[in-house]
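There are 4 protein chains.
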Amino acid sequence: MGRIGKLHGSNIQNLVKDAEIVLAADPYLNDQTLEWAQSVGIPRCTKDVEEIFKGPDVDAVFICSSTDTHAEYIIRAAKAGKDIFCEKPIATDLGQIREATETVSKMGVQLQVGFVRRFDRSHKAVHDAAASGRLGKIFLVKVCSRDPEAPPMSYVEKSGGIFMDMMIHDFDMVRYLSGSEVTEVYATGACLVDTHFADYGDVDTAIVTLRFANGALGVIDNCRQAPYGYDQRVEVHGEKGCARDENHLENEAEVLSAGGIQSAKPTWFFLERYNDAFVEEERRFVRAVLTGEPVDASGDDGLQAVRIAKAARKSLELGRPVKMDEIGE
Amino acid sequence: MGRIGKLHGSNIQNLVKDAEIVLAADPYLNDQTLEWAQSVGIPRCTKDVEEIFKGPDVDAVFICSSTDTHAEYIIRAAKAGKDIFCEKPIATDLGQIREATETVSKMGVQLQVGFVRRFDRSHKAVHDAAASGRLGKIFLVKVCSRDPEAPPMSYVEKSGGIFMDMMIHDFDMVRYLSGSEVTEVYATGACLVDTHFADYGDVDTAIVTLRFANGALGVIDNCRQAPYGYDQRVEVHGEKGCARDENHLENEAEVLSAGGIQSAKPTWFFLERYNDAFVEEERRFVRAVLTGEPVDASGDDGLQAVRIAKAARKSLELGRPVKMDEIGE
Amino acid sequence: MGRIGKLHGSNIQNLVKDAEIVLAADPYLNDQTLEWAQSVGIPRCTKDVEEIFKGPDVDAVFICSSTDTHAEYIIRAAKAGKDIFCEKPIATDLGQIREATETVSKMGVQLQVGFVRRFDRSHKAVHDAAASGRLGKIFLVKVCSRDPEAPPMSYVEKSGGIFMDMMIHDFDMVRYLSGSEVTEVYATGACLVDTHFADYGDVDTAIVTLRFANGALGVIDNCRQAPYGYDQRVEVHGEKGCARDENHLENEAEVLSAGGIQSAKPTWFFLERYNDAFVEEERRFVRAVLTGEPVDASGDDGLQAVRIAKAARKSLELGRPVKMDEIGE
Amino acid sequence: MGRIGKLHGSNIQNLVKDAEIVLAADPYLNDQTLEWAQSVGIPRCTKDVEEIFKGPDVDAVFICSSTDTHAEYIIRAAKAGKDIFCEKPIATDLGQIREATETVSKMGVQLQVGFVRRFDRSHKAVHDAAASGRLGKIFLVKVCSRDPEAPPMSYVEKSGGIFMDMMIHDFDMVRYLSGSEVTEVYATGACLVDTHFADYGDVDTAIVTLRFANGALGVIDNCRQAPYGYDQRVEVHGEKGCARDENHLENEAEVLSAGGIQSAKPTWFFLERYNDAFVEEERRFVRAVLTGEPVDASGDDGLQAVRIAKAARKSLELGRPVKMDEIGE
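Residue numbers (my numbering), protein chains in the order written: chain E, 139 to 467; chain F, 139 to 467; chain V, 139 to 467; chain X, 139 to 467.
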């Protein structure tokens, strides 16, 4: 019941139909957490996650714990026959991811991975234009993703680096938008926001170019600091046209004066920008659980994004493009 | 527990902190309504509204019943010492409104009237720019408000006409934006959407020009049919500049092709456009109840909007401008 | 060869094909004007306007002199069999206008009146959407026209007032956009920019509402001061949708920072905004001269705009709506 | 007097003050060209370019001939003491460029290279925001440049390839925007528009990432086919914010209907988009000639863009990043 767990919890209780939380586990359960749980109508809490997997009235689980526990919890939940929503990434080790997804597959349960941006109404509209064929053959996918402010160095140290922590969302996004698999990755980066990123072998600004199996090209730019707000834009170019989106602004007002036109900034960060997308993500998961229809972001999607992140890391270290088949499947 | 009652009810239970519904009344209470009440965690329902006014654990009431009951319920709630949120209009009879607001005043309770647009983030940003003095002396206020589709004639018959039913929001908006009282009104209108509006002495398209006590001018246009979605835009022009806002679109994507650029429509109607504004309205009311600070839309605001609607109606009938002092205070 | 004469002159010499100036007249011809004429390649200048009407190699004339000479020059040019471009207004006296247009008609020459805004690419795109039927039946036409800064009082004194001097362009625009004739006008106004406008019986801010023969409504707002630049926007609402345009900005760049998004202002005034429109206007006139096809802004268009200006003036003075048949045809 | 020569010629004669063409040379001079020259008031034409260099009344020359003649003409003009405007590129051979720029330097004449985009009002506004320090330290420069339609293969064959023919403008643009020199280039590309590009060892779609001496990163994407019009956008991201621009549209109108909002496309190609920029480029050159102030795009700018194009080509061929010091200075 950390930040993202509480977000999903509140949403499910308040905004998602046909689902209710019967039990929530947190190994560090304390009074504050209990109070929160009560406030959103969660009837029972426990420190023992095993109770969830054993719970006879539990149809599905949300795994919102730290990354190092994801794969294990997926496996235990799958073996217990529960459908699973798991925050990204499934793991940073490809073997663990594969073990988890294979168990899911064998047990025939649903697994949805938390690539929340697929549920953003603007990104989805771009995706839908591309997927509908309106753009013809896809030539290029571009993703711009810039955080408003850098996290503390204590976070950076354990983050897994910019590709695994931040750009992983964009690696998923380019697969989602292109409808194709990445075949080659070239990464470049620099410490421009704060030289301390280098202390952890990390960069704070990065550009990655990609090649896709369908021939298309891709490019992603990330930065840890964009003081004007969360810069989240995607573009797909095809033979017949282009689909793209703009940032969501804090409001749609503008002030015109002798000095020019002043408008509101983009929304501040992911809680603001993807506020509605989280709810849509949860609704779609509940629908998949209830109907058995495929989820919108699968275990394989989770796997591929991690593989691309590893390829980007390797490219940055070696200073050359890296083919995806250099990265274990 | 009609449409707007359920909207406020769900929001309060799910999205508004520091408030919970202890009791809900509906004279037509049925199984469906009870089920809804249960789903949002309302612990008790009744057919007898009197129970609410008597309820010892009731601090404040939301009046979401039909317009003809508003004034009476305000008076009863006020006499019971409850703070009051009441949907607009308070009444269509000025005497009734005055009796209600005087009772509120005498009893020292809060009364907030449901002018939800004051809580829209874009309209508020325009207001704030004007109120801050950035625009200098106010010259002109413009409001464009066009519904996506006309209501059924059964609704039109009892609606009170376009000025009382639809433009009343805009009359409040021009007072809010100009920071001044209307002194004169000229209305023109026509039946362009559907000639049946004329059967009820009504029009479906109207323009109203206004004069304000601070010298500014105003203009409002309304139409019952705008098939591209809910057109909701405001502008304030002053000696130093202009503040204005744009419609909120369904998403921020666009598709560029040989045929031009295609974007999403404005959000469909008030439930979509003012979705967030309803929650903000409720939060601000709860804050006023808890802190005793003034509400953002008072009983007097409710009164003035009805007076302007009456002046507009009279102007349309007489074919000449009508001064506000021709309308009883 | 005043300001507007030089504008047309330079454009014709430099940017309009199939036309060249053979002779230019200016009663106040001086060295400076001669120098200008030489610089744009005008081969001959004269103080005697009669030379133009007599000129055997003159196919068409541009009348860019003061308003009080327009009607007389039109008549003389028409009698000489020349096609005519005349700046607006033809005259402020309806009898004079009628005499001029009747002479034009009798002599079978072309007369195009300088309603340059019809040639603006954005306004024209709105017009074309309406005229094509894409919007269905027309409900409402809106024109916002606000000058960046007020003229000197010496100009105001002789301007003919806001309706004849400034809003006349908008009266033409609403006819152009609605495709219909005005039947009734209601005007309101105030001195908000500068109280000295009142010294000349004038206002600096005005709203006019209109009724059209096809049932549509219209509204125009004018102001003499908009320090953010020339505010020039039009809208047409119909049963199937709306066409509208935005101001043209000085450039399409924006700067995003912690304080918001800063963009460029609208272009400053008519020379900047309608720069391209003047050239298009001239090209279209030359085309009409060469092909005999109808002009895009006729003598009757010139007449009707003046009639509406007179109705607006009368409405402002009487404080009531004025029917167009109260104004002599 | 090919296409670009006529463009400069017409502009100088019609739109640029303080300059006039006294003599124009074209080895293929024919009646059609003579007619054009006469129409814009060029008093004398010749087949012998030498006449220009010898002309005693020639202060400056515009070199608009084929690329293979640029360096030689620059040298001859410089030796004759004429100031020089030369279309890009100066040459494709670095030795030739250096010889030309050294001669220019020795002779103390002005040389402006035709990087017209520096004179586009929107790109310049982005540049000015970056150069002013408003964005703080520069992190990233992005340029999107996509042509509306591919040239014929006969052109492609002799074009020098996408980097030398098309992206060279963008290489100049990233130097202009970043205020820094490129140190490393990585190029990727593909034949997605038309596989025949491969017949000439060329690609039709390319992404280039760059590193700059000041630490900033850069990325450019090019494509030979964007059927929605000429896609020309730039962005600069810095520690304090971002400056960017949008495409210029054919007009600023939009049509709203049940199907969404329809707007005009970006302007079609460089003649439309950079129409005003060409005039500004010429005016700035004339100013430099008359005042002796530095030009806005120098011979060294011409040299550096060609060097980067060569590095990009090498990177594409070798499949690895290329350092600029691998390319001869």
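Just so you know, the hints here were simulated from the structure itself, not pulled from any lab data.
Don't take each hint at face value.
Just so you know, same-sequence chains aren't split out, so a pair can sit in one copy or run between any two.
Said to hold, decoys possible - Within a straight-line C-alpha distance of at most 20 Å, the following computed EDC-like cross-link-like pairs (lysine to aspartate or glutamate) qualify:
no., residue 1, residue 2
1, Lys-452, Glu-410
2, Lys-296, Asp-195
3, Lys-226, Asp-195
4, Lys-155, Asp-414
5, Lys-378, Glu-287
6, Lys-452, Glu-322
7, Lys-262, Glu-410
8, Lys-262, Glu-464
9, Lys-244, Glu-295
10, Lys-220, Asp-231
11, Lys-296, Asp-156
12, Lys-378, Asp-438
13, Lys-296, Asp-414
14, Lys-452, Asp-434
15, Lys-155, Glu-431
16, Lys-452, Glu-431
17, Lys-262, Asp-206
18, Lys-262, Glu-384
19, Lys-452, Glu-240
Comparing the hints with the structure gives:
1. Lys-452 to Glu-410: Neither: 33 Å inside a chain and 44 Å across chains, both beyond 20 Å.
2. Lys-296 to Asp-195: Answer is neither; intra-copy 36 Å and inter-copy 50 Å both fail.
3. Lys-226 to Asp-195: neither (26 Å within a copy, 45 Å between copies)
4. Lys-155 to Asp-414: both (15 Å within a copy, 19 Å between copies)
5. Lys-378 to Glu-287: Between copies only: 11 Å across chains, 37 Å inside a chain, cut-off 20 Å.
6. Lys-452 to Glu-322: Both, since 11 Å and 19 Å are each at most 20 Å.
7. Lys-262 to Glu-410: Answer is both; intra-copy 17 Å and inter-copy 19 Å each pass.
8. Lys-262 to Glu-464: neither (31 Å within a copy, 44 Å between copies)
9. Lys-244 to Glu-295: neither (36 Å within a copy, 56 Å between copies)
10. Lys-220 to Asp-231: Result: close neither inside a copy nor across copies, 23 Å intra and 60 Å inter.
11. Lys-296 to Asp-156: Result: close neither inside a copy nor across copies, 37 Å intra and 37 Å inter.
12. Lys-378 to Asp-438: The answer is neither: 30 Å in one copy and 38 Å across copies each exceed 20 Å.
13. Lys-296 to Asp-414: neither (29 Å within a copy, 37 Å between copies)
14. Lys-452 to Asp-434: neither (29 Å within a copy, 41 Å between copies)
15. Lys-155 to Glu-431: within (17 Å within a copy, 36 Å between copies)
16. Lys-452 to Glu-431: neither (36 Å within a copy, 49 Å between copies)
17. Lys-262 to Asp-206: Classified as neither; 30 Å inside a copy, 45 Å across copies.
18. Lys-262 to Glu-384: within (12 Å within a copy, 22 Å between copies)
19. Lys-452 to Glu-240: Classified as neither: same-chain Cα gap 26 Å, cross-chain 44 Å, threshold 20 Å.
Consistency with the previously given hints fails for numbers 1, 2, 3, 8, 9, 10, 11, 12, 13, 14, 16, 17 and 19, ordered from lowest to highest.
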